[in-house]
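Residue numbers (this note's numbering), protein chains in the order written: chain V, 33 to 191; chain G, 68 to 636.
These aren't lab readings, by the way, just hints derived from the structure by calculation.
Glycine included, C-beta positions come from ideal geometry on N, C-alpha and C.
Don't take every hint at face value.
[What the hints assert, rightly or not] Now the in silico label distances, taken between C-beta atoms and shown as ranges:
| hint | chain 1 | residue 1 | chain 2 | residue 2 | range |
| --- | --- | --- | --- | --- | --- |
| 1 | G | Pro498 | V | Arg40 | 42 to 48 Å |
| 2 | G | Glu430 | V | Ala62 | 37 to 43 Å |
| 3 | G | Glu261 | V | Ser79 | 34 to 40 Å |
| 4 | G | Val233 | V | Ser160 | 27 to 33 Å |
| 5 | G | Met70 | V | Pro77 | 34 to 40 Å |
| 6 | G | Val239 | V | Ser52 | 55 to 61 Å |
| 7 | V | Lys37 | G | Asp401 | 56 to 62 Å |
| 8 | V | Ser52 | G | Gly178 | 46 to 52 Å |
| 9 | V | Ser137 | G | Pro247 | 45 to 51 Å |
| 10 | G | Glu569 | V | Ser52 | 44 to 50 Å |
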Amino acid sequence: MANSKNERHVISVIVMNESSVLARVTSLFAGRGYNIETLTVAPIPQSDMSHITIATNGSAKVMEQITKQLHKLIPVYKVIEHEEMVEKEMVLVKFPIAENLSDISALCSAYNGGIVNVGPEMVITMVSDEPTRIKHFIEATQRYNPSEVVRGGVVAIER
Amino acid sequence: MQMSGAQMVCEAIIAEGVKTVFGYPGGAIMHVYDEIYKQNGFEHILNRHEQASVHAADGYARATGEVGVAMVTSGPGFTNAVTGLATAYMDSIPMVVISGQVPLSLIGTDGFQEIDAVGISRPCTKHNFLVRTLEELPRVLKEAFYIARTGRPGPVLVDVPKDITVDIGEFVYPDSVNIPTYKPTYKGNRRQIEKAVEAIKSAKKPLLYLGGGIVLSNASDLVREFALKTQIPAVETLMARGVLGAKNPLLLGMLGMHGNYSSNMAMSETDLVISFGARFDDRVTGKLSEFAKYADIIHVDIDAANIGKLVDVDYPIVGDITEVVTKMLEQIDDIDTDRYQAWRDILGRYNELHPQSYVDSDEVIKPQWAIERLGELLGEKAIITSDVGQHQMWAAQHYPFDRPRQWINSGGLGTMGFGFPAALGAKRAHPEKTVINITGDGSILMNMQELVTAAEYKIPVINVILNNHFLGMVRQWQTFFYEKRYSETDLSFQPNFKALAEACGGIGYDVSTKEEFDAALKDAIEQDKVCFMNVQTNRFEDVLPMVPSGGALFNMMLPQKVLSNTEAK
């Protein structure tokens, strides 16, 4: 079956910004056995809604169920299964100060980022880019002995 | 008007037209109970366990179609109510449960009788609320009732911290509800309905697959009219018994794991499934890849998530059965009912070949006989509730249900202990009707404390205990699939059911012959008191036909007698 293949999908869930709404969404995923790869949430400006972005994976059938089950939650206003989207993720990486800072800076520039903080023992870089490029960036940083990597999760907007 | 939160709760219940509330008091809900004491807008029934309160409210809702209301305290009061919530949730029963909670200042401190009620009940309620301010309480109560009864109905929990019930504020009960994120779809898509009707007209072997959604939508009359006009044969799910009426010649019976032969064969051979308010539960479909293998599927359901969940659907229609069937009826005047005659003939022959049957006995009461006897004596006059197990399936198979809401059972969750308290709710809603709980010697003990409730409030429910000294359904599986290792299913050690009923203020009958059965039933109806009819049945009766779990619907284990008849032919 063509639609039984597990594929990565990004969905946006627009919800009433009220207490326990995030718990409703995540416990639905847990209870029905759906995966969450990343999840981000923030209020939508000038509204009483919040925008939740979830990167998940599943077959077309599972995606359909996820969308419909989310819709059933009372505080859920809209569910968007992204098809044509701009998708970005942010990552913070900490390096020892002794590493080659000009190499690190050049690497970050190549991924639309740079050094955002310098301390006596370490530097912190920030990059925001498409999730696959973030993955590549993290791989490329390995030779500079990163001491900590924090990924931000995906945000997406339909084109 | 200025009043306390506790008073607001009572005023909302009155405003919603609720006449009976089932519940159990405790620390966190005491202020509300103090107001219940002072008011006379509704009666309160004190069950002897919170689970029973919720089942009773559930039975009340199922018997009437109105929202049932139960009230419990925080902590253990609430956790005892969870099984009741889950039972109602799985069968889409409109219900509002109000639970006490520790004061706002204590929430999160592991206070006495504190438990995260909204957290626990999230997966087994349609929606739930933790009330955070007195100001929002009237709106929350209004929304709770609205959400419970609209769209696909379901139970809603309102968790009220104790200090909010004490505080005094302005009460105006809202006239209407506006939840921008909640807009159920009632009207089916017009184009989709037209396409579905075209498919019906061009089908050769269509089959009506009727589910509990028809009962919830009060659409039985419309569905009967649809069947009559189209002359399409029909099968009912466990939750739809009574929709078409036992005497309807188009009704093949119940389908599924314990469905009859012609129903299951019809589903296996049909070329068009017309599903009204059914959800393709695994107990109905058997092996999915073999289910209705040659059919296109029309699926009408108010819950979009039910459509395409388990089987691929060719004509999805999201909407209320009442609305959709009404529209369909406008388009079928030119239908050629002769078109399906060959199909009806085939199914008729299937029914002659393997009718729903059992081998009766002169020595011992067969459980199927007991149910058919109830049907003969009471017919459509009675409301039948049941617990869960063999007796439930026999009741569904053998009782001649004539109307919707006559049959009340826990189909989705399969909750033992449901039947007795649900019967109390149904009887309170319809005092003029005889209410029978068909139960087993296992199930009845799971809420037997309700004898006391029934005796105190004079709610004369007749419990017919089909006593085989076994957890019969599990025993049946052990016979078939576990080489007769009867692990923990032998209930030979029993209470004296007659004495138990009497000890609690009811009547008990020991029944072991058909004559005693008739006499006990007659007496029970005349005495008008809660009773246990302890009916000794044969121990090793099996529920047949049976489709082994995960098997294809057409692979049924059939009753012995019928098998030998076929071989003789």
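Each hint tested on the structure:
Distance hint check for Pro498 (chain G) and Arg40 (chain V): the Cβ-Cβ separation is about 59 Å, which falls outside the suggested range of 42 to 48 Å. At roughly 54 Å, the beta carbons of Glu430 (chain G) and Ala62 (chain V) sit outside the given window of 37 to 43 Å. Taking 34 to 40 Å as the suggested C-beta distance range, the pair Glu261 (chain G) and Ser79 (chain V) conforms, at roughly 39 Å. As the Cβ distance of Val233 (chain G) to Ser160 (chain V) is approximately 51 Å, the hint placing it in 27 to 33 Å is violated.
For the hinted restraint 34 to 40 Å between Met70 (chain G) and Pro77 (chain V), the CB-CB distance of approximately 39 Å keeps it satisfied. The hinted window of 55 to 61 Å between Val239 (chain G) and Ser52 (chain V) is violated, with their beta carbons roughly 26 Å apart. For Lys37 (chain V) and Asp401 (chain G), the hinted distance range of 56 to 62 Å is not satisfied, since their beta carbons lie about 44 Å from each other. Between Ser52 (chain V) and Gly178 (chain G) the beta carbon distance is about 19 Å. The supplied range of 46 to 52 Å is therefore violated.
Range check, Ser137 (chain V) to Pro247 (chain G): about 48 Å between beta-carbon atoms, so the 45 to 51 Å window is met. The given range of 44 to 50 Å is respected by Glu569 (chain G) and Ser52 (chain V), whose C-beta atoms sit roughly 49 Å from each other.
Taken one by one, the earlier hints fail for this structure at numbers 1, 2, 4, 6, 7 and 8, listed in ascending order.
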